[in-house]
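Top line first, the protein sequences correspond to chains A and B. Be aware that the first sequence starts at 11, since it is given in the working numbering, and climbs by one per residue. Be aware that the second sequence starts at 11, since it is given in the working numbering, and climbs by one per residue.
Derived from the structure by calculation, the hints contain no laboratory data. Among the hints, erroneous ones may be present.
[Said to hold, decoys possible] For each label pair, taking beta carbons as the anchor points, the in silico distance ranges come out as:
| no. | chain 1 | residue 1 | chain 2 | residue 2 | range |
| --- | --- | --- | --- | --- | --- |
| 1 | A | G243 | B | D288 | 34 to 44 Å |
| 2 | A | A140 | B | G332 | 47 to 57 Å |
| 3 | B | K245 | A | R293 | 16 to 26 Å |
| 4 | A | A140 | B | F290 | 51 to 61 Å |
Here the structure is a predicted model, which is why all the values come from computation and not from measurement. Ideal Cβ positions, reconstructed from N, Cα and C, are used throughout, including at glycine.
2 protein chains.
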Amino acid sequence: MHVLVTGAASMVGTKLVARLATDQSLCGQEIDRLTLLDVVTPDHPQGFGGACETAVGDLSDQTTSEAAISGRPDVIFHLAAVVSGEAELDFEKGMRANFDGSRRLFDLIRTAPDYRPRVVFASSIAVFGAPFPDAIADDFAPTPLTSYGTQKAMTELLLADYTRRGFLDGIGIRLPNIAVRPGLPNKAASGFFSSIIREPLAGAEALLPVEDTALQTHASPRAAVGFLIHAAGLKATSVGPRVNLNMPGVCCTISEQLDALRRVAGDKVASRVRHAPDPFVARMVAGWPSRFDPRRAHALGFSGERDFEEIIRVHIEDDLGGQYVS
Amino acid sequence: MHVLVTGAASMVGTKLVARLATDQSLCGQEIDRLTLLDVVTPDHPQGFGGACETAVGDLSDQTTSEAAISGRPDVIFHLAAVVSGEAELDFEKGMRANFDGSRRLFDLIRTAPDYRPRVVFASSIAVFGAPFPDAIADDFAPTPLTSYGTQKAMTELLLADYTRRGFLDGIGIRLPNIAVRPGLPNKAASGFFSSIIREPLAGAEALLPVEDTALQTHASPRAAVGFLIHAAGLKATSVGPRVNLNMPGVCCTISEQLDALRRVAGDKVASRVRHAPDPFVARMVAGWPSRFDPRRAHALGFSGERDFEEIIRVHIEDDLGGQYVS
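Given the sequences, and given the hints that come with them, work out the whole structure.
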């Protein structure tokens, strides 16, 4: 089996590729070839026995996208995206990367003779915009309040229509907030959901810009990789025409996140979080979807963590080698 | 005020232009200039005192779309579209006309300095796909089951994001089934909803391809024109960020349509409808949305007909000069 990963150098992409390399198989078939694409050179995964090619470029570029699918990968994990903050600041860049790039990929598949790969598209809960019902089900209308969310929602529509017409075999998964993100803080406004766990475990202070009553749904990077892999193996007939799915996650308040941190790592670690209100971030967070009704995802066998303690333990295991600064 | 109508030679476009020419005003301002665009030459409206230019072409063509907005129209009624049957048969043509054409129009507006016209976009209930709740509200997710519906839903998302960002001032209205369509039968699968009224009133037999229990929501062409004109005058602040709205209509079964025909025009006219089951059409109709909850549209002052009798009377007045073959 030949697998293509776009956005392979991203945080989730890197972890997905590592998992594929470790498993050496997908959907019960041996992976003998990996193609990794990103705007920066993706690393070759350690320990992978098959062929592995890396490519650098943007899918909205014809040559890049043609090269990416020239080997006719059987499964395509389409993760490549410009993040929400950047898509908001640079509208044209966001449209080009997030929408035009996806469309070009889909169109190259559509026009290739006798080719109908499984395409797993990493969408986002950013397709939703306030006001929200108590729990957002799959039939709640995407009315995004960011250009990023708009571009993801448009790509979801394309994915569904291309699947319906038999041009490709698509599944879109709307990832919840991914926590705990390893590494340095990034500029995403949602970054604090991770940094209030990651920094204290590293012995550093973290700032909490919102009230601790703020509610959000989280999945670990490991769970996100699990969703992607599970999606790759789903039968199209069991998904039906509504191919874009809300993923499950742990819905909790920040106060509950910090309680979990205290239980896992002790009072001293949890005390490294300092409340530093930022009205700008607070306003953004208030407009984000917080709670989902992922009954379709559950029925299709997707599963995330049970509670936020588990999410913290996954971070300590996967990213900290089992160690933290107590 | 300068008004641009795209799709000006379409059935609804022609009636909209006639109404604008008669009113000579829109949103309380005098119309001194009309620009009419379509793929076939639109007629100059009778009795219009201002300047009227017509243009022939497709919005996906750069020169055509640049010319269309070069006069910086204050209000743009964007009706141009390839119909659902054609968009399904010729995927690329549908994408080009329905999505790329709309995007080009919106992008030319976006990149024009100091220009932010009101754009009224004629969307469609085809953005929805079965299964449906009992009544489809504005927050029900568009999961179209046709490429036409997909292209309309993608354009709605663009319209909302471009409006949110201040690139233009958009409102999208999802038209229900338009009946009674005047003129010759067309090839739309939904055509029978009109022909079972129009043909009997013209003394001809009409075929009913589905059971008379089939439910659908209708508005007359006159009501559709009224929706477009009402949308042009709405304050953006009263609409909010969810700029795409389900329109009101008369929800009734075919049996109720025929009862209304009997009451308006008598038994002899109503007896000209013959049941000729067509399983292909019946399957399509079963997948169409039938009943809506247009509470947002009502709150914003949109109103359609009260019952199907009124829809028939509008047809007799507007299209038959008050006469029918009894």
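Violated hints, by number in ascending order, as checked against the structure:
Result: hint 4 breaks, nothing else.
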